[in-house]
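Protein chains: 2
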Amino acid sequence: MTLKVSDIGEKELVKYIIANSKDITPDDTAITELTSTNLISTCDMLIQSKHFPETMSYFDMGFKSITVNVSDLAAMGAEPLGFLLSIAVPKDLDLDSFKELIEGVLSACSYYSIPLIGGDTNEASEIIISGTALGLCDNPLLKNTCSKDDLIAVTGDIGLAALGFNLETPDNIYVKNAIRPIAKLREGILIKDAGASSATDITDGLASELHEMKRNGFGFMIYEEMLGISDEYKHLAEKLNLDYLDLVLHVGEDFELVFTISEDNLKNLSIDYKVIGKVTDSDSIELTLENGLVVEIKNKGYEHYVSE
Amino acid sequence: MTLKVSDIGEKELVKYIIANSKDITPDDTAITELTSTNLISTCDMLIQSKHFPETMSYFDMGFKSITVNVSDLAAMGAEPLGFLLSIAVPKDLDLDSFKELIEGVLSACSYYSIPLIGGDTNEASEIIISGTALGLCDNPLLKNTCSKDDLIAVTGDIGLAALGFNLETPDNIYVKNAIRPIAKLREGILIKDAGASSATDITDGLASELHEMKRNGFGFMIYEEMLGISDEYKHLAEKLNLDYLDLVLHVGEDFELVFTISEDNLKNLSIDYKVIGKVTDSDSIELTLENGLVVEIKNKGYEHYVSE
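Residue numbers (the working numbering), protein chains in the order written: chain Z, 1 to 308; chain D, 1001 to 1308.
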């Protein structure tokens, strides 16, 4: 007989998590010693039917629930301090699946060097994971503090996960990015240290994030040819009847960082990056297509309530 | 036509919350300046069908979601620092109901002087509220650090909410405690400052919390006559065919604090409290009934997975 989580009881589930994480204080709250700096805190809730593709393993669900929160720390250039996890699972979930989920959580915590310091378990009709990531940062990198003539850059290829969500073949970079995205924590710290003027993580698509980063009186010009969209990418999108620019601009979920930085400061930056455009004073967000035409990039990011 | 939250879109919901809370940084994460001390952090997830009685208003749901988390800060004797709120609501929820919920959240934040500094919104089939409370404390009050011969005390009447969950008449102290419990934040700080040796908040029932507080080699003796159970209470329980001691010991949800403190230090304590027993070396948790009989208090607290 396969054990269900209901055979075990909530306190035993908590004990299981605590026994597998050396950083949790088994008391009412976590306790973290602090020195004088800024506490960086962020929370994100993931719901199985909304956020996890059906093909995703329990391990990957756990891993992603850490990644989405750590990615916000990365966007601030913060050092990780601790993670709190509230998790609800159906009572008939296999205990092995629950353990796999927690393994994913702990594996991600270890990967990002962010200790799991507290949490809560619950029962629900589907898996719900709400995480809070805590970090420290003396000078956090805000999202809407760009300067005119700054370059706009990203930490890697964008749009890979967007395509991956639509592919059925598992062994490729697109599906890999969709299933196991990685937050750019180290990159965020190095971008801040290099003197970037602003940054955010691309969760809802480049277009949506650029609209978040835009200040009054400033604009962005992005160049399609700088986005590095491969022929393979265009070909796969076409086969799926999807607009490749839509995928690249309006989906997100790669958890790359987009940041603005002066040309001088960019020389200090020792990570892989891709310059994709420039801060202007146009007061609008525009894209120069490969054919030379300039179009406005609208904000049609990812909104759960309106897109369904 | 009544507006649904789906008519508005997630970003507008977030804007609504931000516009109504002056403490949220509209960036990737919250930023909180720190001096040298301990960061106290805790999270709790509430799910409509499990945690909210059907008669509960949206305002009270919002209020309680803050209370359950702040109560953990209270149990540590921590000063409140900030609150992060992840909330999921059904897409067809009335916008007015959503606003009422947030009003409850903000009203509680104001009541406890804990600023709402961040959050996340989502869509789900029922209301899910996951909160993270952050606090500061130089010497947090742990739960399993009692000393022999300490007195055991509580901050108020326990078992009121337990009875209230079973009553249909609305205007009484029992239902009031079930619907709008209040965390004992100020009391927790004063209990710590008075020199209590241990404390926790009573969420799952006195019995369950005493089992959490028990150290190897130590025991607790509780006296029924010190619990202050009124004749009215016993009478109402009897009418409902409920065991009044079961209600008092095994339900919780009043969010009173239970703490251990030396007789000397108790003299420093300037709040209302009720001594209910003493720390012994019996290595078991016992109750002296009004008739003089001594019985063991078992741990049959509230476990979502096994109690249903």
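Do not rely on the hints blindly, as some may be mistaken.
Mimicking BS3-like on lysine-lysine, the simulated pairs with C-alpha atoms at most 30 Å apart in a straight line are [said to hold, decoys possible]:
no., chain 1, residue 1, chain 2, residue 2
1, D, Lys1214, Z, Lys99
2, D, Lys1298, Z, Lys50
3, D, Lys1091, Z, Lys50
4, Z, Lys278, D, Lys1050
5, Z, Lys99, D, Lys1015
6, Z, Lys300, D, Lys1004
7, Z, Lys214, D, Lys1050
8, D, Lys1004, Z, Lys298
Okay, the calculated bits of chain D under chain Z, using three or more residues with CB under 8 Å as the criterion [as the list claims (entries may be wrong)]:
no., region
9, 1085 to 1099
10, 1117 to 1124
Please keep in mind that the hints were generated in silico from the structure rather than gathered at the bench.
Here the structure is a predicted model, which means the values were calculated and not measured.
Ideal Cβ positions, reconstructed from N, Cα and C, are used throughout, including at glycine.
Against the structure, the hints:
Distance hint between Lys1214 of chain D and Lys99 of chain Z is fulfilled; the C-alpha atoms sit about 28 Å from each other, no more than 30 Å. Note on Lys1298 of chain D and Lys50 of chain Z: the hinted pairing is violated, with a Cα-Cα distance of about 41 Å set against a maximum of 30 Å. Between Lys1091 of chain D and Lys50 of chain Z the CA atoms are separated by roughly 13 Å; this keeps the pair inside 30 Å, and the hint holds. Taking the CA atoms of Lys278 of chain Z and Lys1050 of chain D, the gap is about 51 Å. The hint is violated against a cut of 30 Å.
Between Lys99 of chain Z and Lys1015 of chain D the alpha-carbon distance is near 37 Å, which puts this suggested pair outside the 30 Å criterion. Restraint check for Lys300 of chain Z and Lys1004 of chain D: satisfied, since their Cα atoms lie roughly 20 Å apart, inside the 30 Å limit. Distance restraint check for Lys214 of chain Z and Lys1050 of chain D: the Cα-Cα separation of roughly 42 Å exceeds the 30 Å cut-off, and the hinted pair is therefore not satisfied. Note on Lys1004 of chain D and Lys298 of chain Z: the hinted pairing holds, with a Cα-Cα distance of about 25 Å set against a maximum of 30 Å.
Chain Z is given as covering the region 1085 to 1099 of chain D, and this holds because 5 residues of the stretch bring a CB closer than 8 Å to a CB of that chain, at least three being needed. Note: the region 1117 to 1124 of chain D has 7 residues with beta-carbon separation from chain Z under 8 Å; the three-residue rule is met and the coverage holds.
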